[in-house]
Amino acid sequence: MARMKFLCDAERCIECNGCVTACKNENEVPWGVNRRRVVTINDGVVGAEKSISVACMHCSDAPCMAVCPVDCFYKTEDGVVLHDKDLCIGCGYCFYACPFGAPQFPQAGAFGLRGKMDKCTFCAGGPEADRTEAEFKKYGRNRLAEGKLPACAEMCSTKALLGGDGDVIADIYRERVLRRGKGSEVWGWGTAYGPGKAGAQPPAGGKS
Amino acid sequence: MRRAALGAAVLGAAFLAGCGEAQQVTVYKQGKYQGKPDTQAWNNAPPAAELRGSAWNKGDRGSWETAINQRAMGQNEDNRIYKQ
Numbered sequence: 001m002a003r004m005k006f007l008c009d010a011e012r013c014i015e016c017n018g019c020v021t022a023c024k025n026e027n028e029v030p031w032g033v034n035r036r037r038v039v040t041i042n043d044g045v046v047g048a049e050k051s052i053s054v055a056c057m058h059c060s061d062a063p064c065m066a067v068c069p070v071d072c073f074y075k076t077e078d079g080v081v082l083h084d085k086d087l088c089i090g091c092g093y094c095f096y097a098c099p100f101g102a103p104q105f106p107q108a109g110a111f112g113l114r115g116k117m118d119k120c121t122f123c124a125g126g127p128e129a130d131r132t133e134a135e136f137k138k139y140g141r142n143r144l145a146e147g148k149l150p151a152c153a154e155m156c157s158t159k160a161l162l163g164g165d166g167d168v169i170a171d172i173y174r175e176r177v178l179r180r181g182k183g184s185e186v187w188g189w190g191t192a193y194g195p196g197k198a199g200a201q202p203p204a205g206g207k208s
Numbered sequence: 001m002r003r004a005a006l007g008a009a010v011l012g013a014a015f016l017a018g019c020g021e022a023q024q025v026t027v028y029k030q031g032k033y034q035g036k037p038d039t040q041a042w043n044n045a046p047p048a049a050e051l052r053g054s055a056w057n058k059g060d061r062g063s064w065e066t067a068i069n070q071r072a073m074g075q076n077e078d079n080r081i082y083k084q
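Keeping their order, the protein sequence lines are chains A and B. Going by the numbering used here, the residue at position 208 of the first sequence is 208; the numbering climbs one at a time, nothing skipped. Going by the numbering used here, the residue at position 6 of the second sequence is 6; the numbering climbs one at a time, nothing skipped.
Since the hints were made in silico from the structure, they are not lab data. One should not assume that every hint holds.
Cross-link-like lysine-lysine pairs, in silico, DSSO-like; alpha carbons within 27 angstroms at most [said to hold, decoys possible]: (1) A:K137 to B:K36; (2) A:K50 to A:K24; (3) B:K83 to A:K138; (4) A:K138 to B:K58; (5) B:K36 to A:K75; (6) A:K116 to A:K75; (7) B:K32 to A:K137; (8) B:K58 to A:K137; (9) A:K85 to A:K137; (10) A:K75 to B:K83; (11) B:K83 to A:K85; (12) A:K116 to A:K138; (13) B:K58 to B:K36; (14) A:K85 to A:K159; (15) B:K36 to A:K85; (16) A:K116 to B:K83; (17) B:K83 to A:K159; (18) A:K75 to A:K138; (19) B:K58 to A:K75; (20) A:K137 to A:K24; (21) A:K24 to A:K85; (22) A:K138 to B:K36; (23) B:K58 to B:K83; (24) A:K116 to B:K36.
Where chain A lies over chain B, by a calculated footprint (3+ residues, C-beta under 8 angstroms) [unchecked claim]: (25) 32 to 39; (26) 53 to 59; (27) 64 to 76.
Note that the Cβ used here is the ideal one computed from N, Cα and C, for glycine as well.
All chains, full assembly: derive it from the sequences and hints.
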């Protein structure tokens, strides 16, 4: 059973924002709303700059779903977290709950009224009939129903951003890591928290 | 004595009920996701060739997954570079 996931390879991402542009173009996302964005740490520091493309991660146990007071979220059989804009009241609870800042709220009018929530759909549309104008207007293109993957991942020039079944993209990433010769170090304790003092061992039970 | 035994049995059953595990996996109902109607991707006809989507048999989840996974493997440029 497919579990659709995104995976961004920080070693490859060059902060070109091609994924952001592809998403905005494919889904005709309104001004002020970015379903995807590129986050960079150590910006401008030579050798230490790392970028990662972030959008809705389609969590297995999504906190947005848990906090929504009108229960507008649902998860498809492929593990894609979607929501029904007809039910959404634009309260913003999901924005506070999401660790990735994925939910976006279009603002309009002189008083900046907050509209209904908009977020990455993994290019899977919404509850409206698939591949219809109504679905496109509310949620963007339904590429999964066309047998395609999300536009951001398919457009990524360095193939830093991978999208698709978690098992498949994990295999691709594993192959890359082995070729780089980093092995388990790439996501391990040392990568996350640094090597520490010379000769220091990670705490017992910590992931290597 | 009997009343005490009965009480203990009821109390025991109540305590054991606390050990029950609630269903945490989403249960799919035909045509609906958690109360919201939506169509599964594989229940659409494959798009016309000019749209350059994948091909699958309408309604066949397995063939859709095979097609989408094959497309996902297109992201692995190592296949192109090292395995020709």
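Tested hints:
Restraint check for K137 (chain A) and K36 (chain B): the C-alpha separation of about 19 angstroms stays at or below 27 angstroms, so the hint holds. Proposed proximity of K50 (chain A) and K24 (chain A) is supported: the alpha carbons are some 23 angstroms apart, at most 27 angstroms. Distance restraint check for K83 (chain B) and K138 (chain A): the Cα-Cα separation of roughly 42 angstroms exceeds the 27 angstroms cut-off, and the hinted pair is therefore not satisfied. This hinted pair checks out: K138 (chain A) and K58 (chain B) have alpha carbons roughly 25 angstroms apart, not beyond 27 angstroms.
Between the alpha carbons of K36 (chain B) and K75 (chain A) the distance comes to roughly 10 angstroms, so the proposed pair stays at or under 27 angstroms and holds. At roughly 19 angstroms between alpha-carbon atoms, K116 (chain A) and K75 (chain A) fall within 27 angstroms of each other, so this suggested pair holds. A hinted pair counts as satisfied when its Cα atoms are at most 27 angstroms apart, and K32 (chain B) with K137 (chain A) qualifies at roughly 21 angstroms. Restraint check: the Cα-Cα separation between K58 (chain B) and K137 (chain A) comes to about 25 angstroms, which is no more than 27 angstroms; the hinted pair holds.
Distance check on the hinted pair: K85 (chain A) and K137 (chain A) sit about 11 angstroms apart at the alpha-carbon level, within 27 angstroms; holds. Proposed proximity of K75 (chain A) and K83 (chain B) is contradicted: the alpha carbons are some 37 angstroms apart, above 27 angstroms. Distance hint between K83 (chain B) and K85 (chain A) is unfulfilled; the C-alpha atoms sit about 46 angstroms from each other, more than 27 angstroms. At roughly 10 angstroms between alpha-carbon atoms, K116 (chain A) and K138 (chain A) fall within 27 angstroms of each other, so this suggested pair holds.
A distance of roughly 22 angstroms separates the Cα atoms of K58 (chain B) and K36 (chain B); the hinted pair therefore holds under the 27 angstroms criterion. Taking the CA atoms of K85 (chain A) and K159 (chain A), the gap is about 32 angstroms. The hint is violated against a cut of 27 angstroms. Only pairs whose Cα atoms come within 27 angstroms are accepted, and K36 (chain B) paired with K85 (chain A) is accepted, the gap being roughly 11 angstroms. Among the hinted pairs, K116 (chain A) with K83 (chain B) is inconsistent with the structure: their alpha-carbon atoms are about 48 angstroms apart, more than 27 angstroms.
With a CA separation close to 17 angstroms, the supplied pair K83 (chain B) and K159 (chain A) stays within the 27 angstroms bound. Between K75 (chain A) and K138 (chain A) the CA atoms are separated by roughly 18 angstroms; this keeps the pair inside 27 angstroms, and the hint holds. This hinted pair checks out: K58 (chain B) and K75 (chain A) have alpha carbons roughly 21 angstroms apart, not beyond 27 angstroms. Note on K137 (chain A) and K24 (chain A): the hinted pairing holds, with a Cα-Cα distance of about 13 angstroms set against a maximum of 27 angstroms.
The straight-line distance between the Cα atoms of K24 (chain A) and K85 (chain A) is roughly 19 angstroms, inside the 27 angstroms bound, and the hint therefore holds. The suggested pairing of K138 (chain A) with K36 (chain B) holds, with an alpha-carbon distance near 16 angstroms, which does not exceed 27 angstroms. Note on K58 (chain B) and K83 (chain B): the hinted pairing is violated, with a Cα-Cα distance of about 33 angstroms set against a maximum of 27 angstroms. At most 27 angstroms may separate the alpha-carbon atoms for a hinted pair to count; K116 (chain A) and K36 (chain B) meet this at roughly 17 angstroms.
Counting residues of the stretch 32 to 39 of chain B whose beta carbon lies closer than 8 angstroms to any beta carbon of chain A gives 7, which meets the minimum of three for the stated coverage. Counting residues of the stretch 53 to 59 of chain B whose C-beta sits closer than 8 angstroms to any C-beta of chain A gives 4, which meets the bar of three, so the coverage hint holds. Figure legend: the stretch 64 to 76 of chain B, annotated as covered by chain A; annotation consistent (10 residues with Cβ-Cβ distances under 8 angstroms, at least 3 required).
Violated hints for the displayed structure, listed by number in ascending order: 3, 10, 11, 14, 16 and 23.
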